[in-house]
Amino acid sequence: MESPEHTPYREWLDLAADGGLEPERQAPLERHLAACPECRAELAALQSLDSLLMRSRLPVQPDLRSRVMQALPVAGWEARHPRTWSFPVALMVLLAGAATALLGTGAAPLDPAAHSGWGALFAVAGMFKATLLAGGGLLAASWRGVGMVVEGSLTPAVMGGFALFVVFLNLLLVSLLRRRRELPADPLEMRRE
Amino acid sequence: MTRGVEQPTDEELVAAVLAGDRERFGDLVERYQARLVNYLFRLLRNPDDAHDLAQEVLVKVYQALDRFDPQFRFSTWLFRIAQNSAIDQIRRRRFRLVSLSAEGGEREGEGHDWDLPAPERGPYGELRNRERGDAIQEAIDSLPWEYRELILLRHMGELPYEEIARMKGMPLGTVKNKLFRGRQMLKEKLEDFLSD
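As given, the protein sequences belong to chains A and B, one line each in that order. Quick note: the first sequence uses numbering that gives the first Met the number 0, first residue 0, plus one each step. Quick note: the second sequence uses numbering that gives the first Met the number 0, first residue 0, plus one each step.
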């Protein structure tokens with residue numbers, strides 16, 4: 000059985016070998032080591048273990064850095080970066096300016112009041128308004144069509160079946176999420192099966 | 000008196016990358032590649048898989064760099080992603096391993112020729128190195144997971160105790176205690192090689 004006077008030092012030895020011992024414990028440990036050959040041997044063994052683990056390290060393939068750098072895709076955050084944004088924004092401003100100038104030139108003969116840039120701006124606004132109206136009309140028409148189809152087939156049985164289907168989908172999703180979160184006590188245990 | 004060039008911190012490098020200096024990410028790769036590859040190697044037991052997964056992890060880290068919270072250490076974040084990726088890879092392998100075992104094939108990661116540094120030359124030295132490499136892997140594999148993951152984070156990932164505690168959500172004392180127990184187990188198992 001280990002003698003009681005070694006007990007407080009065993010964990011300190013481990014930390015000392017690993018470089019994690021608090022400085023204030025260094026001096027008491029050294030005093031103990033000076034008088035205790037058993038703990039000196041234990042410290043030497045722990046240092047050997049540390050060195051053994053260091054020596055067992057795998058050398059890294061020299062091209063890993065370049066492989067990683069070549070494999071880097073354009074990250075999502077890069078697209079939001081101001082420098083990345085600057086070019087598309089400048090291009091859009093340029094295109095908008097060109098469109099305004101063109102429409103302004105085209106609108107000039109139709110409207111005597113459009114000799115200034117205001118006429119061009121009104122023309123662009125009118126174009127947007129027409130586009131929105133057309134889009135809105137199409138959307139309304141398509142939804143009305145969907146509504147008519149649903150209305151025709153809407154019976155209590157269909158509604159009940161649909162509700163059951165939704166509940167089933169939710170349960171499936173919850174069970175999948177739970178299964179993913181449950182890690183085995185030892186994730187590597189499976190390798191020894 | 001000459002002063003050494005002060006190295007930028009991880010957080011400074013991350014900030015530089017986010018500011019548009021993509022090349023600084025290479026400095027982070029350089030800083031962590033050895034620790035990351037060795038950490039993954041001890042989990043996956045295959046050098047090529049370890050390198051491939053290290054590359055995958057680093058790319059994943061780059062893509063998520065804007066979500067890195069600077070109140071945590073970069074290394075903690077990196078090794079958390081590495082550990083999750085390694086566990087996912089081992090899970091995926093499970094099915095392949097089962098089918099290989101059923102066919103009587105060699106299990107992946109075993110029977111490989113590790114290119115470990117060889118401090119001892121000559122036929123005996125090489126044999127001894129191989130024995131040592133196998134013994135270390137076996138000793139690590141035989142540790143219960145709660146000790147093994149900490150031993151690998153400390154000795155291969157070189158994470159400080161405080162970072163390991165933070166990463167695993169454990170009190171610092173528990174981390175020290177588990178590492179102490181893990182190292183005691185390793186010491187017993189590797190007794191024959193400690194005098195090398």
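For the record, the hints were derived by calculation from the structure and aren't laboratory data. Predicted model only: the values in this text are computed from it and were never measured. One or more hints might be untrue.
Rough simulated footprint, nothing fancy, chain A against chain B, three-plus residues with beta-carbon under 8 Å [unchecked claim]:
(1) 129-139
(2) 177-183
A short, non-exhaustive set of chain B residues, derived as facing chain A with CB atoms under 8 Å [as the list claims (entries may be wrong)]:
(3) V4
(4) E5
(5) Q6
(6) Q32
(7) F67
(8) M169
(9) L171
(10) L189
Glycine residues also receive a C-beta, built at the ideal position from the N, C-alpha and C atoms.
Status of each hint after checking the structure:
no.	hint	verdict
1	129-139	holds (count 3)
2	177-183	holds (count 4)
3	V4	violated (20 Å)
4	E5	violated (22 Å)
5	Q6	violated (16 Å)
6	Q32	holds (5 Å)
7	F67	violated (10 Å)
8	M169	violated (15 Å)
9	L171	violated (10 Å)
10	L189	holds (6 Å)
Checked against the numbered hints given earlier, this structure breaks hints 3, 4, 5, 7, 8 and 9; the rest are met.
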